[in-house]
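A.B. asks: Residue numbers for the sequence shown follow numbering that gives the first Met the number 0, beginning at 0 and rising by one.
Please keep in mind that the hints were generated in silico from the structure rather than gathered at the bench.
If you're wondering where the values come from, they're calculated on a predicted model, not measured in any experiment.
From the three backbone atoms N, C-alpha and C, an ideal C-beta is built for every residue, glycine too.
Where hints are given, some of them may not hold.
Unchecked claim - Label-pair ranges, simulated between beta-carbon atoms:
1) Q45 with P192: 41 to 49 Å
2) Q45 with T260: 50 to 58 Å
3) G152 with Q259: 22 to 30 Å
4) L263 with P175: 19 to 27 Å
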Amino acid sequence: MSWFDTLIRWGKQNSTDHEHEQTINHDNVSELYVACFEGDLDRAHQYLLKTPFAERLNAAVQCGHIEMIHLLLNKYGVIRHLCDNQGRTAYDLAKSNEIRRLFQRPTSNGNRFCEKPDSLEMFSGSQKNNKEKATFKRVETYGNLLYGRSFTGTTYRGLGMTSHDLQIYHWARENPDRYLQLNTFCSSTFDEPLAKMYADTNANEQQKQVLIIFNFLRPSVNAICLYQISNQLHSYSDFQDKQEVLIVSGIAFSVTNIEQTSSLITISMTHLNLIEKMAEFEEILIDEQLSSY
0 MSWFDTLIRW
10 GKQNSTDHEH
20 EQTINHDNVS
30 ELYVACFEGD
40 LDRAHQYLLK
50 TPFAERLNAA
60 VQCGHIEMIH
70 LLLNKYGVIR
80 HLCDNQGRTA
90 YDLAKSNEIR
100 RLFQRPTSNG
110 NRFCEKPDSL
120 EMFSGSQKNN
130 KEKATFKRVE
140 TYGNLLYGRS
150 FTGTTYRGLG
160 MTSHDLQIYH
170 WARENPDRYL
180 QLNTFCSSTF
190 DEPLAKMYAD
200 TNANEQQKQV
210 LIIFNFLRPS
220 VNAICLYQIS
230 NQLHSYSDFQ
240 DKQEVLIVSG
250 IAFSVTNIEQ
260 TSSLITISMT
270 HLNLIEKMAE
280 FEEILIDEQL
290 SSY
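Make a model of the complete structure from these sequences and hints.
C.D. replies: Next comes the structure, spelled out in structure tokens:
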């Protein structure tokens, strides 16, 4: 099941179902919990496949066993954002910075906020493939379910780009009637210093530090808040300290500004509602046709 399918399934459940599927029952202390508590890694391994996903990680965190936590996160890929019966995730239960650091994404190439420099390109009338087209349509279809997590405001993404990579952004800035299209799911953060830190990791002789600023002037289901919004809307991010906003593939942006200093290039972009833009274009065509008579 894909991440998007999981999110939709979660959104369609009522509160009772949500608690049933994502809550740990601490009254039912499993053998795994006992093994974690005693620090018996060999015995804990035997119970990994027999124990609910959330209980595996929360038990290890509560007992403070570093090796077990590392094993669950990196080898078994246990889901990190599931909650216990008090609405706490495994990250919330961590009692030390040493344990919290195990949940953090390394500041290295290919990180969540700093991927391939060609992740944005010129807007075109058709999607790249049927899979992206279907995903974009499903986001619109399930808009009501995602609306509670829709993002409004400014979010940031760090990138490393060559001078060649930057040409398309300058072209879009000089041609305000042109758009750029996001052709993949894009993780961003509303923590600007964090995004700048990730941008710095890709700086080298060939690539310049680039900070992209995404502006969403009104709520959009194409920008989904993965961080905890309320007691009812828990974190859906594997990295809770990142204040993560997921931007959906297929949407369009205009480039409104490009600034450059000796160390950083900042590209400001504003989300475009293509339905409204198409309506404006149709009105222009109608006006031109009427004026020709």
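A.B. asks: A separate judgement is required for each hint: does it hold in the structure or not?
C.D. replies: Going down the list of hints, with the structure as the test:
Q45 and P192 have their C-beta atoms about 44 Å apart, which keeps the hinted 41 to 49 Å range intact. Taken as a hint, the range 50 to 58 Å holds for the pair Q45 and T260, whose Cβ atoms sit roughly 56 Å apart. At roughly 24 Å, the beta carbons of G152 and Q259 sit within the given window of 22 to 30 Å. At roughly 23 Å, the beta-carbon separation of L263 and P175 lies within the given 19 to 27 Å, and the hint holds.
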